Amino acid sequence: MSYTSLRRTGLAVRGLPALLMAVALVGACAPGAGTNSSSGSASGGTAGCGTSPVTLNAYFETGFDLPFKLSAEFTKQYPNVTFDIKQDQFTNLINETPRVLASSDPPDLIRLPTMASFAKEGLLKNLDAYASGFGWDKWPVPQLTQNRVTKDGTRGSGSLYAMGLNYSLTGVFYNKKLAAQAGISAPPKTLAEFDDDLAKAKAAGLLPIMEWGSAKSGMGLAFPLQALMASVGQVGPINDWIFDKSAATIDTTSNLQAAQHLEQWIKKGYFPSDINAIEYTDSNARFTKGEGVFTFNGDWENADYDKNLSGSTGFFVMPPSQAGGNPAAMSAPLTYGIAANAKHADCAAFFFNWVGSNRTARQIDVTVGGSNPGGPAGASVPSVTAGSITSETLAAGNVIGKAGTAMDFIANATSSIFAQGWTPELQKMVGGQEDAAGLLKAVQAEYQREIAS
Amino acid sequence: MSTGTRRQDAPLSASGLSRLAWLRGDGVVGWLFVLPALVMYAIFVLQPLALTIWYSLYRWDGFGVATWVGFRNYVTVLTVPDLLETIFNAFRLAVFFSVVPVGLGLVVANVIHRVASGALGTLSRTVLFLPQVIPLVAAGIIWGWLLALSGLVNEILAAVGLRSLTRAWLGDFGTALPAVGIIGIWVLLGFCTVLLLTGMSKIDPALYESARLDGAGWFTELRAITVPLLRQEIVVCLTVTVIAALAAFDIVYIATGGGPGHATAVPGIQIYILAFVERQVGLASALAVMLTLLVLAIVVPLQWFSRERV
Amino acid sequence: MRPPRAELYAGRAFLVVLMLITIMPFISIFTTALYPSGTVPSGLAWPADPQWGNFIEAFNVANMSVLLGSSTFIVVAVVPVALVMATMAGFAIGLLRIPGSRVLFLLFVLGLTLPFEGIVVPLYFLEQQMGILNTRFAIVLPLIGLYMPFAVFWMRAHFVNMPAEVSDAARADGATTWDLFWRIHVPLARPAIASLGILMSVWTWNQFLLALVLVEDPLQRTMAGALGAFQGHYATDIPLLCAGTVLILLPTLLVFVVFQRQVIAALLGGAVRG
Chain A
1 MSYTSLRRTG LAVRGLPALL MAVALVGACA PGAGTNSSSG SASGGTAGCG
51 TSPVTLNAYF ETGFDLPFKL SAEFTKQYPN VTFDIKQDQF TNLINETPRV
101 LASSDPPDLI RLPTMASFAK EGLLKNLDAY ASGFGWDKWP VPQLTQNRVT
151 KDGTRGSGSL YAMGLNYSLT GVFYNKKLAA QAGISAPPKT LAEFDDDLAK
201 AKAAGLLPIM EWGSAKSGMG LAFPLQALMA SVGQVGPIND WIFDKSAATI
251 DTTSNLQAAQ HLEQWIKKGY FPSDINAIEY TDSNARFTKG EGVFTFNGDW
301 ENADYDKNLS GSTGFFVMPP SQAGGNPAAM SAPLTYGIAA NAKHADCAAF
351 FFNWVGSNRT ARQIDVTVGG SNPGGPAGAS VPSVTAGSIT SETLAAGNVI
401 GKAGTAMDFI ANATSSIFAQ GWTPELQKMV GGQEDAAGLL KAVQAEYQRE
451 IAS
Chain B
1 MSTGTRRQDA PLSASGLSRL AWLRGDGVVG WLFVLPALVM YAIFVLQPLA
51 LTIWYSLYRW DGFGVATWVG FRNYVTVLTV PDLLETIFNA FRLAVFFSVV
101 PVGLGLVVAN VIHRVASGAL GTLSRTVLFL PQVIPLVAAG IIWGWLLALS
151 GLVNEILAAV GLRSLTRAWL GDFGTALPAV GIIGIWVLLG FCTVLLLTGM
201 SKIDPALYES ARLDGAGWFT ELRAITVPLL RQEIVVCLTV TVIAALAAFD
251 IVYIATGGGP GHATAVPGIQ IYILAFVERQ VGLASALAVM LTLLVLAIVV
301 PLQWFSRERV
Chain C
1 MRPPRAELYA GRAFLVVLML ITIMPFISIF TTALYPSGTV PSGLAWPADP
51 QWGNFIEAFN VANMSVLLGS STFIVVAVVP VALVMATMAG FAIGLLRIPG
101 SRVLFLLFVL GLTLPFEGIV VPLYFLEQQM GILNTRFAIV LPLIGLYMPF
151 AVFWMRAHFV NMPAEVSDAA RADGATTWDL FWRIHVPLAR PAIASLGILM
201 SVWTWNQFLL ALVLVEDPLQ RTMAGALGAF QGHYATDIPL LCAGTVLILL
251 PTLLVFVVFQ RQVIAALLGG AVRG
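Protein chains in written order, with my numbering: chain A, 1 to 453; chain B, 1 to 310; chain C, 1 to 274.
Simulated from the structure, these hints should not be mistaken for lab results.
One thing to keep in mind: the hints can contain errors.
Sample of chain C residues lacking proximity to chain A, with all beta carbon distances greater than 12 angstroms (derived) [stated by the list, open to error]:
| id | residue |
| --- | --- |
| 1 | A6 |
| 2 | F14 |
| 3 | S101 |
| 4 | L212 |
| 5 | V215 |
Partial selection, computed: residues in chain B whose CB lies under 7 angstroms from chain A [what the hints assert, rightly or not]:
| id | residue |
| --- | --- |
| 6 | F91 |
| 7 | L149 |
| 8 | G161 |
| 9 | L165 |
| 10 | A168 |
| 11 | G171 |
| 12 | G257 |
| 13 | G259 |
| 14 | G261 |
| 15 | H262 |
| 16 | F276 |
| 17 | V277 |
| 18 | R279 |
Chain B residues, not near chain C, derived (Cβ > 10 angstroms throughout) [claimed, not checked]:
| id | residue |
| --- | --- |
| 19 | G64 |
| 20 | V69 |
| 21 | V80 |
| 22 | L84 |
| 23 | V95 |
| 24 | D204 |
Note that the coordinates shown come from a computational prediction; the quantities given were computed from them, not determined experimentally.
In this text, a Cβ means the ideal position worked out from N, Cα and C, and glycines have one as well.
So here's chain A without its partners, still in its complex pose (with noise of 0.2 angstroms):
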């Protein structure tokens, strides 16, 4: 059947037992694998929570459990430290953080979709004396580079502004009973066999893409978007042009073939037909129930979709055009970060370090978040329950790490690209009002007015 030759050829497989091998043998091990890491285990690093009452003020997204697990566990092992979480949904969250970092209360910890501007604005904390006293800047974390900003406001080296609570992988998950009804045996390999899949999806009567791409949640698109552009293409250019790189252009060669390639799937009816009114959390409930043989999306969905469509998700991460290729994928920290002024950025960093290292903390990350909890070389490998979904990314995860092919999401360039740029363009795209060419000119230009300004 279908799910076994899954396994015979996918990630899955080559995967899993490593995996399994490497929890045999780091459990076996690994130094205290058992005990919680110390405040004071790395040299210089004094930053803690001490002992005496401490309330951390922090600003979470609403509707993604992990940090609110998070910090309900850190008071259970650090009881002097309570947390005073305000939620707010991701567009106001997003609205809100300028304000809310320049004010006179900031908050110790905050979640970041985007910070290279507040950065260089100096409104976040600069974490290099903590990288170092802890030893983060030794993590074998190469997403960590993400959260680099340089005195021009450049991403990708300089100094640490923003640590990550996990590290996601994005791709492609799909629902393998709708899967074998259209004939589809095998995750694609290619590009080619991909769009062979999504045409034999079409033919039998299924939707073969679901999405989301409501202005109130932005625009999904921009997830398959820039799964072709690295399948076509480099992914250090897009990275650069993420990163605000000086003279970076989205308006390239391959990247058109790319938005290209996407405007085909728009227009042979590959994506749901009302998705310029889908939410995101609309788009994970269709997909769950059963509407879409493909979703692109990220692991930090894990939980989700194990939960509402258990033992028939599947998971691969975007082929490359050529055969053989290196498989390219989004892959970015769960950024948090410290407000510059905040008052307790010691034991906000200490709770950073716990995050990564705690035996507890890791197992929340993978089991909640289902990310890579990063942290130090030889720290606890989290269990995760065979055959789930949180396997194959973690798995998946691994073989993009080793590619180097990981990439910062397009959406992140700069505070409103998203807002103002992606979502609007890709919107006229579906609605036939702009064409692939049309759309990278747009956003490169909405891009150039905003680093000017």
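The hints should help you fit chains B and C onto chain A, whose structure is shown.
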């Protein structure tokens, strides 16, 4: 009575009365009465208004240094197509929010006046007014749900055999703005209807009687008697609804967020995004000033029009 | 003289249809709220197994007791103060006809047409300087100021129509201005004050933009202002979202149904006297 005596003594004019009041020291006390309201108004309305005009002449991100740019922000608003489009969208919305509720309101009020003066009339009044009372964001959420691809509107269309017309009304470029307009009609129709009805009750019934005796149908009655005599009420209706359209924020923010593309981007939302997301306070303020001027430019002549033949 | 029978029936049918269209969204939201959590119902059908518990769950999860408290606090802080200030000002401008009345009146009227967007940006920075940002006073104080145009206008319209005999008689008996105001005219103005109070309460409860911009914590906003955060949490769970929306609608809806005559009179009276 002493009052009567005084009245016979000297017919006091309005200015005479206030001079008298001033002489009695009423002026000072009177001004003390006005002061609290004036102070609150001045601090929280007039001062921000002046500041908006002031900010619009600068380029500022909200906490850094502000640079003087004169009228450059205004030029930007008038030349950047996306920004100018918001103003056109506001006018398009005004057609739905204003023209339809007033026109339809006249018809409905006329109908109630003619055929439903009893309990049905009172019930209609109450029911039609209900949407006015709920938060606009609730209206946005409810209609966002009704207008979705799987929502009630499409269900009804399919049930009456118009399945080909079904779509995601708020996600479709052609229908997003009209769909938001429909929400506005739902919210504002009751206001106009009840207002016009109240005005109608002040019209001398004898006029209607004689018109009916002459055999006038409901449309003639509307055109010849009702509309001319309801001038003041119609102007009020137009004023309130035009302001609602030009300054629209709540409904659009909740229903579409300004999308798809820039189809429902209205000045209110654009000002919010420019000021608080893109942190271009100067540009946002320029757009806000232009919006205010636009509102005044439409509303002031309207008032004058209503007073002309009083 | 009655209109022809055909018109009678057509007209009444038209009204009934219009009423149904107006009410349909409310009914739809209500019936949807009763469906089991997590389903995606559509239409007006009454569910086979009404989940009245959804309302309780929405109430708890959205922290509505806190929201109710927050909204009530804001209403109680805004409305009485605004009423007192506006009544005093309306009295001075409309009845005492103090020198400069005309100018003052026009100044207030200017505010009637002002869109909130015209002042919300500087208001944010102003409040930041005053240190009241993100508190409930961030909403309370500007609202009082913003209500002054309509409220002063409305109270002045009432006082202007007061016959002079009443004041003259009181003066003759040696009443001071304050006595005139407090002992004589305020009791007489009670209906006008009541309508205005109800109106401002409804407006305050429904306030969204100011709450969104000036208060960061959704739990410190008005009920309408917190709706955004609530919606984000429940977009997947339609019945719960509908239950929450119904709960948010309910207060103002009930106030209207109970006080409909005063509410309508206040809105229309104030509007027409322009």
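Here's how the hints hold up against the structure:
no., hint, result
1, A6, "holds, 43 angstroms"
2, F14, "holds, 32 angstroms"
3, S101, "holds, 41 angstroms"
4, L212, "violated, 8 angstroms"
5, V215, "violated, 10 angstroms"
6, F91, "violated, 20 angstroms"
7, L149, "holds, 4 angstroms"
8, G161, "violated, 20 angstroms"
9, L165, "violated, 13 angstroms"
10, A168, "holds, 3 angstroms"
11, G171, "holds, 3 angstroms"
12, G257, "holds, 4 angstroms"
13, G259, "holds, 3 angstroms"
14, G261, "holds, 4 angstroms"
15, H262, "holds, 6 angstroms"
16, F276, "holds, 5 angstroms"
17, V277, "holds, 5 angstroms"
18, R279, "holds, 6 angstroms"
19, G64, "holds, 13 angstroms"
20, V69, "holds, 16 angstroms"
21, V80, "holds, 18 angstroms"
22, L84, "holds, 17 angstroms"
23, V95, "holds, 18 angstroms"
24, D204, "holds, 15 angstroms"
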